[in-house]
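Got chain A; can you put chain B on it based on the hints?
Protein chains: 2
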Amino acid sequence: MFESAELGHQIDNKTFRKEADVLRVELLKAQYELKEAAQMPVVLLISGADGAGKSETINTLYEWMDPRFLATHAFTTPTDEERDRPVMWRYWRSLPPKGRIGMFAGSWYSIPIAERIDGKLSELQVDKQMAEINRFEAMLVNEGALVLKFWFHLSKESQKARFKAMESDPRTAWRVTKESWARLKTHGKLMEVAGHVLRTTNTAWAPWIVVDGTDDNYRNLTVGRTLLDAIKRKISDGLVQSFPVAPPISPRYDARDVLSALDLSLSLAKDAYEKQLAKWQGKLSELVRHPKFNDKALVLVFEGADAAGKGSAIRRISAAMDARQYQIVPIAAPSDEESAQPYLWRFWRHVPRKGRVAIFDRSWYGRVLVERIEGFCKEADWLRAYAEINDFEHELEEAGIAVIKFWLQIDPDEQLRRFKEREATEFKRFKITEDDWRNRDKWDAYREAACDMVDRTSTGQAPWILVEANDKRFARVKILKAVCERLEAMVAGKEKGD
Amino acid sequence: MFESAELGHQIDNKTFRKEADVLRVELLKAQYELKEAAQMPVVLLISGADGAGKSETINTLYEWMDPRFLATHAFTTPTDEERDRPVMWRYWRSLPPKGRIGMFAGSWYSIPIAERIDGKLSELQVDKQMAEINRFEAMLVNEGALVLKFWFHLSKESQKARFKAMESDPRTAWRVTKESWARLKTHGKLMEVAGHVLRTTNTAWAPWIVVDGTDDNYRNLTVGRTLLDAIKRKISDGLVQSFPVAPPISPRYDARDVLSALDLSLSLAKDAYEKQLAKWQGKLSELVRHPKFNDKALVLVFEGADAAGKGSAIRRISAAMDARQYQIVPIAAPSDEESAQPYLWRFWRHVPRKGRVAIFDRSWYGRVLVERIEGFCKEADWLRAYAEINDFEHELEEAGIAVIKFWLQIDPDEQLRRFKEREATEFKRFKITEDDWRNRDKWDAYREAACDMVDRTSTGQAPWILVEANDKRFARVKILKAVCERLEAMVAGKEKGD
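Residue numbers (the numbering used here), protein chains in the order written: chain A, 790 to 1287; chain B, 790 to 1287.
Chain A extracted, bound-state conformation (with noise of 0.2 Å):
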């Protein structure tokens, strides 16, 4: 992978000036066309060895362009807030927004390769990383995003060179600190480590692009012309390509599915009820109050058709618990910052830290439901949501989150006496509108494609409790329950696999 990166590529100061003046000016001009155009972020990791000019072309960088829709992130330790959630989070949260650059200085393969480097990580388990890497940034490029590899190689030989020369001017020599000159003794488990890694995450709709490091003029160079021309090249290839997908097919032969399995017609009277919700409230208040659940924490998601009873069920959930624990999350649709980000964006953003609730009324789900029922995404955009869901809560689980989630089923004869009941009542009125008409036409739309989602997104880890709403008593100390004897397994330390 290193070959071409070690020839000494050399460019003069002359010939430099020359290109740079040609080269700033169209890369601005790309730059607009793409705030502009908002249709597509440009995702910029810049990596490589010590001493190799990342920070000096991340600088050229800010001088070429206009700094107003350039992004610099740089990651080293993780903070306190960053520790609590996973690992993915904080670069979820830096992602740029379409129309924008990001560059990222350090990524998510810089834990990865140093971890590697030092023994903590197995190669198996790189390999394993590396392949969640690999779909993390087929989602990028699903959603649209342009996303640039660049690694700056030096040699061993360069490198001692290049810490000399820093060392030797004033205006750098405080970057050259002993942990410099250690990096030069690990130079060749670095180039071992770092070939394999981009080797296996060489993939083709995000390739590495490997610059020799040792001179400025031709590294920054090198770095602005390929920017320049990949994202020329994209906005004329117009159109988001987007992965393969299998279309959906699933043939019925009866009418059994598995709501359809569902005895709607149990209930709970209402002393019993009472008595219930009184024993798995104290429990659940006792549970996250548990020291165990200070390393934990809970995702609990709601989904159901309208009327179906979830903001009650919520309400009792959260009666159990102090309100600086929870937070309950409300998805309507995206705002206007929500939609410049990958579809997941907006659901990252809450999740929780160690120690805490996130409720969802509504969730990522939505993609599958509403969005493919209305049309607001593409086939192909809701076909690879549901592996993007199951990555998405498998990231959630490996950090000690338990996600679970509720389908709660009521009949369409139950949802009309609802929706009348709601018209009739003043406090309710503002929770009846005309889409909640227009959705009970849909009802078997619907139907399909909850089942549609409980087969495929219903995981060991992460399993749907389908839950009988007719009788919302009943619903809510089924869901209660759940919820207690799934925390009751994970402070007791006994989490199934999936």
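Keep in mind that a hint or two might mislead.
A pair counts as met if it fits within one copy or between any two copies, since identical chains are not told apart.
[What the hints assert, rightly or not] Here are the simulated DMTMM-like pairs of lysine to aspartate or glutamate, each with C-alpha atoms no more than 20 Å apart in a straight line:
| # | residue 1 | residue 2 |
| --- | --- | --- |
| 1 | K1072 | E1210 |
| 2 | K967 | D1260 |
| 3 | K1023 | E1168 |
| 4 | K1217 | D1202 |
| 5 | K1081 | D1200 |
| 6 | K949 | E926 |
| 7 | K978 | E946 |
| 8 | K1072 | D1084 |
| 9 | K803 | D1043 |
| 10 | K909 | E981 |
Because the hints were derived from the structure by calculation, they are not lab data. Since the structure is predicted, the reported quantities are computational estimates derived from the model, not experimental observations.
Positioned in the frame of chain A, the structure of chain B alone reads:
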């Protein structure tokens, strides 16, 4: 994943016969259309719990369709032939050609699932294999295949019931063995492992279809109808939909590339050559007879401009070996049979057994050289080929097969001299064609393609060795020496990682 497959779907015989009559006509029609178009192969995986009706369904599909264009492959314990080669070799050689349907009873999933249940594989190891499978299936889809993966599910109770029913029927009693009842005991473990495997390989391009295996009528109709709809949809969707690729961007600021860095004046005097040749040929003949080589294999790849001396260098290597031990594989245009398969298929055919040597005179790199330059494939195809080739060579390495790749570099003057010499020499005249003169005009394009190839496929495990070949003697000795040194490290157990 298995929720809706536990609902006890059933179809009575009368309905079945009515539906089946319609379905089989349509399936036959689709099969002929598929065959006539000869554009896409169908890869059908039939997997699932023991007793879930895998063979019953395969038999039914045989009844319904034209068996001439249908092939079934059952995989159990690997044969000697198969054990001596990389794991995926046996699946590659069973892939259906375009226009045909290949059914896999047992597939690339079977062994990982079984070994995970037995505890022979860790979860990390399984995840690694699943990531490789995802890449393999992505390659199939990129090459135009329709990939349908069925999982026939049984709950523990249904499995028991089906075994009992089979046992009491004299026609099927033989199929229920002690192992069957043992399977019942590991049912929970199977569900856990299969759940994980299905989740991680449930990609948008090759999703799983989980089918309730209990009722024969329901299962057979569901598979038949799904197959039919999928074929029809894929035919009507038309063109192959392939993965997004980043456009190839490599700005050049100077003429320095890995090839220009070679010193083509290097040469070897006749005397020194004779001595060196004898020395390294002697060493090679010893090394390939080393007992440790019996468990290894060697793949040599030769690429370079016309008349660069590939053939004569190959002869100097083969001369040192027993003819039974090596195979020279000259690569020209693919045969009809080869064109009907994924690109790498015609190279997988020639993967050597343990203890053997395969020498490729031109190779899979044609994709990123001649096919790229002549436009024989789409840009997206050669762009994704780099990663596919790296995966391929990685699989060879994992199976103990060393891959050594030689690029023989000459300059245009030397090529002209050799062309003229060929034309002047009776027995060499057949070696020079119109094509050779045409290719000469594309010298720069080939050079650029070769440099890109080295940059993207020279890995720690399988590096490119660039050979200064203006002097044939120098080139041959450099090649022989490199082969010997790699073999020496191999039999000494000192293989490098990548």
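Checklist entry - Between K1023 and E1168, at a C-alpha cutoff of 20 Å, which is it: within one copy, between copies, both, or neither? => result between (22 Å within a copy, 15 Å between copies)
Checklist entry - Can you tell me if K967 and D1260 fall within 20 Å by alpha carbon in one copy, between copies, both or neither? => result neither (68 Å within a copy, 48 Å between copies)
Checklist entry - Is it within, between, both, or neither for K909 and E981, if the alpha carbons may be no more than 20 Å apart? => result Result: close within a single copy only, 15 Å intra versus 29 Å inter.
Checklist entry - How would you label the pair K1081, D1200 (within, between, both, or neither) given a Cα cut-off of 20 Å? => result neither (40 Å within a copy, 70 Å between copies)
Next on the checklist: Regarding K1217 and D1202, is the shortest C-alpha distance of 20 Å or less found within a copy, between copies, in both, or in neither?
Outcome noted: For K1217 and D1202, the Cα distance is within 20 Å only inside one copy (19 Å; across copies 88 Å).
Checklist entry - Are the CA atoms of K949 and E926 at most 20 Å apart within a copy, between copies, both, or neither? => result Result: close neither inside a copy nor across copies, 33 Å intra and 44 Å inter.
Next on the checklist: At most 20 Å between CA atoms: does that hold for K1072 and E1210 within a copy, between copies, both, or neither?
Outcome noted: neither (33 Å within a copy, 92 Å between copies)
Checklist entry - Within a copy, between copies, both or neither: where do K1072 and D1084 come within 20 Å Cα-Cα? => result Within one copy only: 19 Å inside a chain, 61 Å across chains, cut-off 20 Å.
Checklist entry - How would you label the pair K978, E946 (within, between, both, or neither) given a Cα cut-off of 20 Å? => result within (15 Å within a copy, 54 Å between copies)
Item to check | Homo-oligomer pair classification [D1043, K803; C-alpha up to 20 Å] | outcome: between (77 Å within a copy, 14 Å between copies)
Hint violations for this structure: numbers 1, 2, 5, 6, all remaining hints satisfied.
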